Amino acid sequence: MEQVEHVALLARLALTPEEKELYSRQLSAILEYARKLEELDVSDVPPTAHVLPLRNVLRQDQVGAHMPPEEALANAPEREENYFKVPRIV
Amino acid sequence: MDFHYLTAHEIARLYRRRELSASEMTVAVFSRIEELEDRLHAYITLNKEQALAKAREVDQKLARGEDLPPLAGIPVAIKDNICTKGLRTTCASRILYNFVPPYNATVVEKLMANDVVIIGKTNMDEFAMGSSTENSGFHPTANPWDTSRVPGGSSGGSAAAVASGEAVLALGSDTGGSIRQPAAFCGVVGLKPTYGAVSRFGLVAFASSLDQIGPLARDVTDCALLLQAIAGHDPKDSTSAPRPVPDYQAALRRELKGIKVGLPREYMGQGIDPAVRQVVEQAARQLESLGAVIEETNLPHIEYAVPAYYLIATAEASSNLARYDGVRYGLRSQQSADVMDMFMHTRSQGFGAEVKRRIMLGTYALSAGYYDAYYLRAMKVRTLIRQDLLRALEQFDCLLCPATVTPAFKQGEKVADPLQMYLADITTIPVNLAGLPGIAVPAGQAGGLPVGIQLIGRPFGEDLLLGVAHAFEQSTSHHKLRPQL
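In the order they appear, the protein sequences are chains V and G. Our numbering applies: residue 1 is where the first sequence begins, and numbers increase by one. Our numbering applies: residue 1 is where the second sequence begins, and numbers increase by one.
One thing to keep in mind: the hints can contain errors.
Unchecked claim - Straight-line Cα separation of at most 30 Å, BS3-like style, residue types lysine-lysine; simulated pairs:
(1) V:K36 - V:K20
(2) V:K20 - G:K414
(3) G:K410 - V:K36
(4) G:K480 - G:K410
(5) G:K380 - V:K36
(6) G:K48 - G:K110
(7) G:K410 - V:K20
What the hints assert, rightly or not - Okay, the calculated beta carbon distance ranges per label pair:
(8) V:M67 - G:V293: 50 to 60 Å
(9) G:R391 - V:P87: 49 to 59 Å
(10) V:K20 - G:K480: 17 to 27 Å
Quick caveat, the hints were computed from the structure, so don't treat them as lab data. Remember, it's a predicted structure, so these values are computed and weren't measured experimentally. A virtual CB, placed ideally from N, CA and C, is assigned to each residue, including glycine.
Given these sequences and hints, build the entire structure.
Given below as C-alpha cells:
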C-alpha cells in the first residue's frame with residue numbers, strides 16, 4: 001500500500017482509499033505475471049527501444065512561421081494576456 | 001438505392017458515372033448514423049455541417065469535370081486520438097473533453113488533400129488503452145453484429161462505424177492490436193502499417209515506439225486506397241521513414257503461386273477458440289489452393305510478448321501522459337490550493353480507471369530500483385521477439401495466424417480483470433513490438449460472429465500483404481457478409 005502511495009505521488013495522481021486498495025491488488029497480479037520474463041537469460045541481449053535505425057533527425061535551424069499566440073492559447077483553462085495562468089506557486 | 005454497404009471504390013465509380021453524388025452519399029451516411037447511433041455509439045463528435053459542405057464542393061468539382069483523387073467525396077471517420085483542426089479531439093477522455101486542436105494531423109492533411117468527407121470522430125478506449133472500447137470516458141460502443149458484445153478496441157468506434165454503414169472508411173491507431181482486433185471482431189479489414197510508414201504527427205501519443213495510424217475498410221481494395229492516401233515520409237515526424245510509397249493498387253494484382261506462408265505453431269496452440277483455429281486452418285488451405293506454399297514455423301519467444309508489451313507500453317504512456325496537468329489545455333480541477341494540488345486533482349478527475357492503472361504500472365516500471373528488473377528486461381525481450389519474427393520472415397514471405405483468439409466477447413466480460421483484457425491482445429502485440437505490418441481480414445464466422453485471420457509481413461512489406469489478402473478475399477465471400485441491423 002505504501003508503495004502504491006509513493007508511485008501515485010510520482011505519477012501525480014491523488015487516489016481514493018478504494019483506488020489504492022484496488023490498484024495494490026491489480027498491480028501485484030500484473031507484476032507477478034510480468035515475472036515470467038525472468039525465465040529468460042537476457043544478459044547478452046541488447047535492448048530495443050525503437051525499431052527504426054533513425055538517429056538524430058534534425059531540421060535546419062531556421063526561423064519559420066509559427067502558431068500565433070491567440071491560437072496557441074485558445075485551449076488554455078485560464079490565461080492572462082499571453083500567459084497560461086496557474087495557482088500561486090510560491 | 002441502399003448505399004450503406006457500398007465500398008469506396010464502388011462509390012467512386014458511381015460518382016464518376018453521375019449515378020450518385022457525394023452529397024447524396026453523405027446525407028445517406030448521416031441518416032444511417034441517426035438510425036443506429038443510439039444502439040452503437042460509434043462516434044464521440046459528428047462533423048455534419050462541414051461534411052455536407054465538403055460533399056457539395058466535391059460535387060461541384062465533379063460537375064466541372066475536374067480530375068479528382070480516388071477518395072474524393074468518400075465519407076471517412078477519424079479515430080478521436082487523431083488531431084483535427086477546429087474539430088474536438090478528446091481521446092475519449094474527460095481530461096480532453098473540450099480540446100479543439102489548432103492543427104491537423106498529417107494524415108488528416110493528406111485526406112483533405114484527397115478531398116475526402118470527414119464524418120466525425122470515433123469512439124475509442126480512453127487514450128487507446130484497452131481491447132473493447134468499454135474504457136471510453138464517454139460511452140461504450142456496441143458490436144454491430146451483436147450489440148451485447150464489444151466491437152474490440154481501442155479503435156472499436158472506427159471498426160463499428162465501417163461495419164455498420166456509419167462510415168465508408170475509417171482511420172484507427174494500433175499500439176498493440178487496436179486496428180486488427182476490432183477489425184476482426186466487426187468483420188472488416190484493418191491494417192497496421194510498418195512503424196514509420198505512416199506519419200504519427202498529430203496522433204496523440206500513447207506508447208510512441210509502438211503507435212501507428214492505419215486504415216479500416218470493408219475490403220482490401222479500399223484498405224489499399226486509404227493506405228495510399230496516408231502513407232509516406234513526413235518531415236514533421238522524426239520517426240517517419242524516408243522511403244518511397246509503393247503503388248498499393250498495383251500490388252493487389254499479385255499472383256500467389258510460389259508465395260511462402262509460414263504458420264507459427266505457437267499461435268495455434270492452447271488458448272485459441274477451436275472455431276477460430278478452424279477458420280485459420282481453412283484459410284491456410286484456401287491460400288494453398290491459390291498456389292501459396294504453407295509450412296509450419298515457430299516463434300519461440302512469442303509467449304513473452306504480452307508481459308514485455310505491457311511494461312514497455314505503460315512506461316511510455318506514463319511519460320507521454322505527464323503532459324495532462326491542467327495548465328495548457330483540457331480539464332482543470334477547480335479544487336486546488338496550489339499548483340501541485342491542481343496537477344493531482346486534475347489528473348485524478350480527468351483520467352479513467354484503466355489509464356490510471358497503466359500510468360501507475362509504467363511509473364513503477366521506470367522508478368529507481370525497478371527499471372532494470374522490469375523496463376530494461378522487457379526491452380531486451382522485445383529484441384528476442386523481433387529477432388524471432390524477422391528470422392521467420394527471412395524464410396517466408398508472410399506469416400498467417402489468428403487475428404484474435406476468440407470472436408467478440410460480451411460487454412462486461414473482461415473489463416473488471418485487466419490481466420484477462422491484456423491477454424486479448426496476445427495475437428497482435430508481437431507485430432507492434434517488432435514494428436512490422438499486419439493485416440486482419442474477414443475469414444469466416446463462429447456462432448454468427450465474424451472471425452479474422454492475420455497476415456504479418458516484412459518491414460515495409462504492406463504491398464505483399466495487401467496482394468495476398470486481396471487474392472484470399474477475392475476467392476472467398478466472407479468480406480461480403482453484413483450485420484443485420
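Verification of the hints:
{"no.": "1", "hint": "V:K36 - V:K20", "verdict": "holds, 25 Å"}
{"no.": "2", "hint": "V:K20 - G:K414", "verdict": "holds, 21 Å"}
{"no.": "3", "hint": "G:K410 - V:K36", "verdict": "holds, 29 Å"}
{"no.": "4", "hint": "G:K480 - G:K410", "verdict": "holds, 24 Å"}
{"no.": "5", "hint": "G:K380 - V:K36", "verdict": "holds, 14 Å"}
{"no.": "6", "hint": "G:K48 - G:K110", "verdict": "holds, 20 Å"}
{"no.": "7", "hint": "G:K410 - V:K20", "verdict": "holds, 28 Å"}
{"no.": "8", "hint": "V:M67 - G:V293: 50 to 60 Å", "verdict": "holds, 54 Å"}
{"no.": "9", "hint": "G:R391 - V:P87: 49 to 59 Å", "verdict": "holds, 55 Å"}
{"no.": "10", "hint": "V:K20 - G:K480: 17 to 27 Å", "verdict": "violated, 51 Å"}
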